[in-house]
Amino acid sequence: MSNRAWLFLIPALVLLSISAFIPLMTVINYSLHYIFAGSAPTYVGFENYVEVLNDPAFLKALGRQMVFSLMILVVEVPLGIGIALAMPRKGKGVALTLVFLGIPLLIPFNVVGIIARVFTQSSIGVVPEFFALFNYDYNVSLHTTDAILTIFFLDVWHWTPLVALLCYAGLQSIPDAFYQAAQIDGASAWKTFRYVTLPKLRPVLIIGVLLRFMDSFKIYAEPLLLTGGGPGDATTFLSLHVARKAESYELGYAGASSIIYLFIVIVFSYLFFQLLTNIGTGENK
Amino acid sequence: MARIQLKTISHTYHPPDLPEEEKAYAVSSLDISWGDGTSNALLGPSGCGKTTILNIISGLLQPTAGQVLVDDQDVTRLSPRQRRIAQVFQFPVVYDSMNVFDNLAFPLRNQGLPEQSVRKKVQEVAEILDLQDYLTNPPAKLNAAEKQKISLGRGIVREDTAAVLLDEPLTVIDPKLKGSMRRKLRQVQRDLQKTMIYVTHDQHEALTFADDVTIVKDGRLVQKGSPEELHSEPASPFIGYFIGSPGMNILGCSLKGEELRFQDFSLGLSPEFLSRIRGTGPDLQLGIRPEFIRVSPEPGENTVPFEVAVIENTGAYWVVTYVKESLRIKARVPESMRVQEGQKHYLAFPEDRVNLFQNEQRVI
Amino acid sequence: MGISAHNICKSFETLPVLKNVSLDIEDGAFVTLLGATGAGKTTLLRILCGIERPDSGRVLYDGTEVTKVPVQKRNVAMVYQEFINYPSMTIFENIASPLRISKTGYSKPEIDRRVRQTAEMLGLSAILSHYPEEVSGGQKQRTAIARALAKDTKFIFLDEPLANLDYKLREELRGELKTILGQKGGVVVYATPEPVDALSMSTHVGYFEAGELLQYGELEEVYRHPRQVEVGSYFSYPTMNIMEAKIVQDQGRTHLRVSEAISVEVTSFADELKEQEYLVGVRAYNLHTHTDRTDMISFQATLELSEELGSDTELHFRHEGMRFVMLMQEVVRYPPDTTVTVYMDPKRLFLYSKTTRGLVLKTFREE
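Chains as they are written, first to last, in numbering that gives the first Met the number 0: chain G, 0 to 284; chain F, 0 to 363; chain P, 0 to 366.
This is chain G alone, in the form it adopts within the complex (with noise of 0.2 Å):
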């Protein structure tokens, strides 16, 4: 890179060095020290990580969390690479579907939040009404798995038009050739998709599951302003717990466990990134 383009990239690096690495080392800074409230911190090495880790409302807001994830991109990843397929390839529908597909990702996570509070709401909400149709008691405040799966049905559909268009792009970009030969070749529908399809789109998802896998992990206004993390616990996910935390000005646990939480972030996309790229390219064979 040329001296100039340096230049060009400081503005950038100053900001991000305001808004990334200055919290980040201060976030460190309190992890190693027992703060509470206004009282002046001491230094206690890495007892609040001890302590996270050994706290069991963590542990069960990791496993809740892990668990949340998976199910998103068992769901959206595959629904994504459907709807992408079933998408017109050229014509007006493209246009409209394109359009239909970006709407909801418009909307911010907290509108997302108030809508779905909106339309939940046991007293004046259409979603309960709908289920009451159905001689079912749907109450997000007070039964758990109607609050999880609510939650879960707002992120597919909020966040699988993301994975869809990422993967009708990649799809545009194979060559009909690829198609023809499967088809000389004699392969099924099956087999053209196994063979050609999904690994000429590995590209773009790698791409896909690596921002639904991190994103899903930071979830955060949707149960917050859903239920505020409860029925009890049940929607109490990794993010609202150190949140918790950190609100109640137990600092040096607030720190240990973001440090913790990041580090987990980056090793499962890690894992991801590596298995993506490495699965069948036909070099373990």
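Treat the hints with care, since some could be wrong.
Unchecked claim - Here are the simulated BS3-like cross-link-like pairs (lysine-lysine), alpha carbons at most 25 Å apart as the crow flies:
{"#": "1", "chain 1": "F", "residue 1": "K146", "chain 2": "G", "residue 2": "K190"}
{"#": "2", "chain 1": "P", "residue 1": "K150", "chain 2": "P", "residue 2": "K67"}
{"#": "3", "chain 1": "F", "residue 1": "K183", "chain 2": "F", "residue 2": "K6"}
{"#": "4", "chain 1": "P", "residue 1": "K353", "chain 2": "F", "residue 2": "K175"}
{"#": "5", "chain 1": "F", "residue 1": "K223", "chain 2": "G", "residue 2": "K199"}
{"#": "6", "chain 1": "F", "residue 1": "K255", "chain 2": "F", "residue 2": "K323"}
{"#": "7", "chain 1": "P", "residue 1": "K183", "chain 2": "F", "residue 2": "K175"}
{"#": "8", "chain 1": "F", "residue 1": "K223", "chain 2": "P", "residue 2": "K346"}
{"#": "9", "chain 1": "F", "residue 1": "K177", "chain 2": "P", "residue 2": "K346"}
{"#": "10", "chain 1": "P", "residue 1": "K153", "chain 2": "P", "residue 2": "K67"}
{"#": "11", "chain 1": "F", "residue 1": "K22", "chain 2": "G", "residue 2": "K89"}
{"#": "12", "chain 1": "F", "residue 1": "K140", "chain 2": "F", "residue 2": "K175"}
{"#": "13", "chain 1": "P", "residue 1": "K150", "chain 2": "P", "residue 2": "K107"}
{"#": "14", "chain 1": "P", "residue 1": "K346", "chain 2": "P", "residue 2": "K273"}
{"#": "15", "chain 1": "G", "residue 1": "K89", "chain 2": "G", "residue 2": "K199"}
{"#": "16", "chain 1": "F", "residue 1": "K183", "chain 2": "F", "residue 2": "K146"}
{"#": "17", "chain 1": "P", "residue 1": "K361", "chain 2": "P", "residue 2": "K273"}
{"#": "18", "chain 1": "F", "residue 1": "K177", "chain 2": "F", "residue 2": "K146"}
{"#": "19", "chain 1": "P", "residue 1": "K153", "chain 2": "P", "residue 2": "K102"}
{"#": "20", "chain 1": "G", "residue 1": "K190", "chain 2": "F", "residue 2": "K119"}
{"#": "21", "chain 1": "P", "residue 1": "K67", "chain 2": "P", "residue 2": "K107"}
{"#": "22", "chain 1": "P", "residue 1": "K102", "chain 2": "P", "residue 2": "K167"}
{"#": "23", "chain 1": "F", "residue 1": "K22", "chain 2": "F", "residue 2": "K216"}
{"#": "24", "chain 1": "G", "residue 1": "K190", "chain 2": "F", "residue 2": "K120"}
{"#": "25", "chain 1": "P", "residue 1": "K273", "chain 2": "P", "residue 2": "K245"}
{"#": "26", "chain 1": "F", "residue 1": "K177", "chain 2": "F", "residue 2": "K140"}
{"#": "27", "chain 1": "F", "residue 1": "K216", "chain 2": "P", "residue 2": "K167"}
{"#": "28", "chain 1": "P", "residue 1": "K72", "chain 2": "P", "residue 2": "K183"}
{"#": "29", "chain 1": "G", "residue 1": "K199", "chain 2": "F", "residue 2": "K140"}
{"#": "30", "chain 1": "F", "residue 1": "K22", "chain 2": "F", "residue 2": "K6"}
{"#": "31", "chain 1": "F", "residue 1": "K175", "chain 2": "P", "residue 2": "K18"}
{"#": "32", "chain 1": "P", "residue 1": "K167", "chain 2": "P", "residue 2": "K107"}
{"#": "33", "chain 1": "F", "residue 1": "K140", "chain 2": "F", "residue 2": "K120"}
{"#": "34", "chain 1": "P", "residue 1": "K18", "chain 2": "P", "residue 2": "K353"}
{"#": "35", "chain 1": "F", "residue 1": "K120", "chain 2": "F", "residue 2": "K183"}
{"#": "36", "chain 1": "P", "residue 1": "K346", "chain 2": "P", "residue 2": "K245"}
{"#": "37", "chain 1": "G", "residue 1": "K190", "chain 2": "F", "residue 2": "K140"}
{"#": "38", "chain 1": "F", "residue 1": "K343", "chain 2": "F", "residue 2": "K323"}
If you are wondering where the hints come from, they were derived from the structure by calculation, not from laboratory data.
Put chains F and P on the given structure of chain G with help from the hints.
The following block gives chains F and P in isolation, referenced to the frame of chain G:
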């Protein structure tokens, strides 16, 4: 392997509800037959309809009119898979997620062949194509020539393949490897005696690969014949020019008495020659290949003076562009002759090497 | 005057692609940079025109250093392998575009005159009002070349401009480019992997292999005296046959022996041959199937393949385990496995050292 026939094939990309006079046909009333086990080429300039014909044969495109026959069976409405016609594309098509062995085995496994026969067949094909050493490699790391061999391998691995179509298969191959790949393709065809049709704009590739070359221009067949025939008996001035490097010189002329009159010179004709062209009209085109023009610095009998305008070296000989008024003629001049721009040379057109055309058709 | 490059080095990541390349290009030269894919020719072309910057070394235009001058400020023209035109402009506007943005400030009639003149030269007059997507590949590339020519520049760079064109168009454009670019003056630098391009158009040739400029000089010089066996074998069409030979002394005469049948007397230059083993090169068109001469070396060979090339035939045959290629200037088809007598012109041989691979001598002198 099988015989492939096209019967009065026409195709237009325009919608059928368009009035007939507004439709442009990509190919029109083609009648071609390719014999069982033969090596063929479909040669023509860009946009001549080659790709359309290819897709009609393979079944990727339904012709607007006409029939495709494989061994006298009408396959016009059959899918590519049912036709058993394999294709090698311009850009290598390999399955990235399988190794070379699995790539070659793919069409066989799709047929549900027992694994033991698959293994045997793949080994055989790998040997023919010199791929034995790469069988366990992922194809991504091979060069374009090897990937093209895999594409070809998937075509020839099936016993029931009716024909293999090759669509400009050397496009992305390094110039240094082109020659050996060209010879490999030809050798495979000879050894296996499979019907193959090679589509290209490159006369070298077409003529070296095929025993039978079909030339297409503007969606119509213009000549079909062996490389020797195309060179010595071109059916039209276009073919004379299109085949050979450089192409045939085409000069407008008229027959007056015992002479051929050109813009500002004339050539005397022998009685034998005259008797062969008796009965043709006066307006003719003379065609002579650059390699058959005799060039001399000294005037001789029945020679015409021309001036040297451009000299191109090819190593083995010079290609000299001569001018005389508005006429331009290219001739091959032996490497041993010293040529300079502006020199005057005397050109002779040996009668036994001359072609005459009338109304774009060959007379002799 | 012209373009000079001094000690150019360039690596991509850790892979060196140019190793200390120097050359001087004089005004009026049409230089072909020849070499296989990845040999470094395109990288040098891009460094010479300023798209790429060398890791070390200097580039001079007319004696002025321009190594660090960005390409926009160099006033050069470039034609790429892909047909690059402005899709939303007509052919006329495409050719006019460099004139319109030129600092010289051309008047309207002047632009019109130049565009029409250049278009005439390249046979584009009839399609000036068309858009690039409406014309053929050959016309697109002609437009790109016309744009380069219309620009008032001394230096034109072309990167395999004919690679994506039909065979016949390529053949036609070679002749035209030689004339059109030759008239232009200035310097033309042309990168290509095709020996035929170099032979038919250029005045000078540089041959690259693995990032090194193995030889640079006038066309005739490089073609007649390929300094390394690599240069000779690449810069020949179709190819140069390379044979291994040993020095044999016999009754006071010195022979270079390739096989029982192929043996050349080299007594007259015996003192120049100090080593025991040599490589003998002979170009494909210096082998014949018939001859009137009596001094030809003859040997029996088995024909493996004959390839018709339009006006010529390439014969591939084998003699004592060695493979040979012959170019015949006629169209014939030999059945495979026939035995042919091959004649080799002993006055057309190149002798290369087996150790240094450098040219030791040629058995022929310029006539």
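*Which of the listed hints are broken here?*
Result: hints 3, 5, 7, 8, 9, 21, 22 and 32 break, sorted rising.
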